[in-house]
Amino acid sequence: MWEYTEKVREHFLNPRNVGEVENPDGVAEVGSIACGDALKLSFKLDENKRIKEAKFKTFGCASAIASSSALTELIKGMTLEEAMKVSNQDIAAYLGGLPQEKMHCSVMGKEALEKAIENYQGAPAKETGAQIICECFGVTDREIERAVRENNLTTVEEVTNYTKAGGGCGNCHDAIRQIIERVRAEAKPAVRPKLTTIQKIRMIEEALEREIRPSLKHDGGDIELIDVVGNRVLVATRGACAVCKASDITLKHFVEAKLRELVSPDLIIEEVAP
Amino acid sequence: MKIVYLDNNATTQAAPEVMEAMLPYFHDLYGNPSSMHSFGGQVARKLREAREQVATLIGALPDEIIFTSCGTESDNAAIRSALATHPERRHIVTSRVEHPAIKSLCANLAGQGYRVTELPVDKNGLLDMEQLESSLTPDTAVVSLMWANNETGVIFPVEKAAALAHERGIPFHTDAVQSTGKIPINVKKSAIDMLSISGHKLHAPKGIGVLYVRKGTKFSPFLIGGHQEKGRRGGTENTPSIIGLGKACELAARHMETENKAVKRLRDKLETALLDGIPQSRVNGDLFQRLPNTTNISFEFVEGEAILLLMNEYGICASSGSACTSGSLQPSHVLRAMGVPFTMAHGSIRFSLSIYNNEEEIDFVIEKLPPIIERLRGMSPYWTSVAQACVSA
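Residue numbers (this note's numbering), protein chains in the order written: chain A, 1020 to 1293; chain B, 15 to 407.
Incorrect hints may have been included.
[What the hints assert, rightly or not] The following label-pair restraints were derived from C-beta to C-beta distances: (1) B/282 x A/1148: 52 to 62 Å; (2) B/121 x A/1169: 45 to 55 Å; (3) A/1276 x B/121: 54 to 64 Å; (4) A/1039 x B/380: 46 to 56 Å; (5) A/1103 x B/302: 53 to 63 Å; (6) B/145 x A/1148: 52 to 62 Å; (7) B/183 x A/1148: 40 to 50 Å; (8) A/1098 x B/138: 52 to 62 Å; (9) B/370 x A/1032: 24 to 34 Å; (10) A/1032 x B/104: 37 to 47 Å; (11) B/121 x A/1032: 18 to 28 Å.
Rather than coming from a laboratory, the hints here were simulated on the basis of the structure. All values derive from a computational prediction rather than experimental measurement. For every residue, glycine included, the Cβ atom is placed at its ideal position computed from N, Cα and C.
Build the full structure now, drawing on both the sequences and the hints.
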C-alpha cells in the first residue's frame, strides 16, 4: 500500500472542484487511458483576469485525483502569470508530499495547467520539434528535459517516477540517460538549487580560498569572512587591502562578481569593521 | 471497523485449528527433530505425520514431500534442479501469465544464456496445447506451467501438459500455489514431476512451502546444508509451521466440497450482482476453467487503485491489476497477455474468497461497490464522452 499523507487522502476522498467549467476561457487534456491517468482541466477568468473558477476531471489513482484537486485549489484567484509559475513541486508540497513513484501525478497537473493557459492565450497547443523518447508512454525529449531541469533529477528511475518515461519496456533507458547528462551539463551554471546558509558559507569559504585570496595576497592584501546573513556576505579586509583606497572597487568588481559567479547570483558583499 | 476480506489469493487467515496444532511446538516441544534424544524425537514423529497429511491431499507419497520456506523457494528449487540435472539442455518452456516467482526467475536465466519460450494465452487466459507441443524440443530442460492463475483463477490443463512433456522425456513442474486446497489434485494419476505449494494460501501460516518431487525424478538441492529432508533441502525444519501446514492440508481435504459449492455460490452471487448492477463491466478470464473462489472483474474507465482505496474506507479488501497498484506503471502482465484493452485493464479488481466468508459480507460488497464505481466515473473525463455517445446514439 502507498504511504499517502492525510492531505492526499482527504483530497482523494473529498476532491474539490470536480467537473467542467461552463464556457471556459482555457481548457486542456493531458495523459491517456493507456498510460493509466488523464486529466481534463478547465478554468474561467474574472474581470481582473484572475482565475475565478477551475475544475477538473481525472481518470487515475488516488494521488492523481488528489493532485488535480490540489491544483484547482492552488490556482484559484491567481493571475495567469502567477499560475504559470506554479510548479509540480508546489502541487506535491500542497499535499504534504507524494510518494516518489507518484510524482508523475503532480507533473501531470503542471502540464495540464500550462496547456490550458496556452489554450487561452491561443499559443500552439502542440510542442513543435519534440521527439518521442518513451514509446510505451508517449513521453517526449522536451518533457523529460524539463522534469530533469525543474526537479534536479539524476537517475533514470527518478525520471520514470516523474514522467513515466522508461517505465514500460525499458528500451529508452539509454536515451533518457543521455538527456539527463545533457541537461545537467547545461544546467550547472543556470539552475542552482536553493542553498542553506551553511552550504553558502562553505561555498564562499572555498571560493575565497581558491579564487580570491591568491590574487589579493599577490598585492599583499587579504580578506576574512565574518558572517553570512541571507544573501549579505559580511567581510573584513586585511593587510594591504585594509588601507587601500581602491578596496571598495576590488570588493564590488572582483570579490562580489566572483562569488556571484561561483556561489549564487544574489550575493551582496558588505564590508564590516573587523 | 469490520474487515471484509476478499483477498485470499494474496494470503489467507491461518485456521484456528492450525494455530492450535502449532502452538505447543514454539515453547513446550521445541526440540530439534534431528536430535538423538526423545525430546527432539517426538517432534520428528509429528513432522512425519504432517508430511503424510500433505502427501494425502495431493495423492503423493510422504517421501515425495520436501518442506521449503515458501512457494517462491519451491519454484526456484524446481527449475534450478531441472537445469542442474540436465546440463546439456538450454531451453525452458513456460507461459506469459506465470507468477513472478517463475517469470522473474526465467527472465534471470534468459540473461544467463538460457532460451526461454513464454507460451501465449488467448483472450480467456487459456493455453493453446498445440503451441505447447510444438515448442518442445530435445533441448528443453523443463516445462513449468502454473496450475491456476493467481489473478484470474484460470486453470491450465497441467495434467495434459505434463503428459506431453513426459512423452518426450522433459521434466514437468507446476506452480500449484493457488490450486492446492481449492480443487482436487492427484499427482499419482498424472505425469507431473515437481509441484510447488505455499502454506499461507491455504490457511497455514506464511513462511512454509512444499516442493513435491516425484520418486525417481533427478533432483539437485537448492539449499545445501544438513541432511534434513533427506539431503534435498538443508536447514533446520520450521517445525511449528510444518505441523500447521499438515493440519491445513487435512482441513483442506475436508473442506474441498464446501470450497467448490458454498464458496463458489458466493463468488457467483457477487459476480452476477456486480455485472448486473454496474454497466460496462466484465469478467476477465474463462468462466468455466476457473478456481471456485476467484473472480476478476473490470470496471471500464476507472482506475483500480482508486476503487481499492474507496473500498478500503468500508474495510473491504481486494486486489487490482492496475498499473498504480503494480508499482511498475503498466497494468498486470496477465491481463496484457490476454489482450484486455487498457480501458478495462486499469480498472480490474480481483475478489478472492475463502470458506471464512459469508453471505452477509457478499451482500455488503454488492451494496457498496456500485456507488463507488459511479462516483469515480463521475470524475473520469472518459466516462463523460462515453455517456454522451450513448445518449446521442
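Hints, verified against the model:
1. B/282 x A/1148: 52 to 62 Å: holds, 56 Å
2. B/121 x A/1169: 45 to 55 Å: violated, 34 Å
3. A/1276 x B/121: 54 to 64 Å: For residue 1276 of chain A and residue 121 of chain B the Cβ distance comes to about 56 Å; the hint holds.
4. A/1039 x B/380: 46 to 56 Å: Violated - the Cβ-Cβ distance for residue 1039 of chain A and residue 380 of chain B, about 32 Å, lies outside 46 to 56 Å.
5. A/1103 x B/302: 53 to 63 Å: With a Cβ separation near 57 Å, residue 1103 of chain A and residue 302 of chain B satisfy 53 to 63 Å, so the hint holds.
6. B/145 x A/1148: 52 to 62 Å: violated, 45 Å
7. B/183 x A/1148: 40 to 50 Å: Since residue 183 of chain B and residue 1148 of chain A have Cβ atoms about 59 Å apart, the given range 40 to 50 Å is violated.
8. A/1098 x B/138: 52 to 62 Å: Cβ of residue 1098 of chain A to Cβ of residue 138 of chain B: about 56 Å, so the range 52 to 62 Å holds.
9. B/370 x A/1032: 24 to 34 Å: The hinted range 24 to 34 Å holds for residue 370 of chain B and residue 1032 of chain A, with Cβ atoms some 29 Å apart.
10. A/1032 x B/104: 37 to 47 Å: Roughly 54 Å apart at Cβ, these two residues miss the hinted range, so it is violated.
11. B/121 x A/1032: 18 to 28 Å: violated, 39 Å
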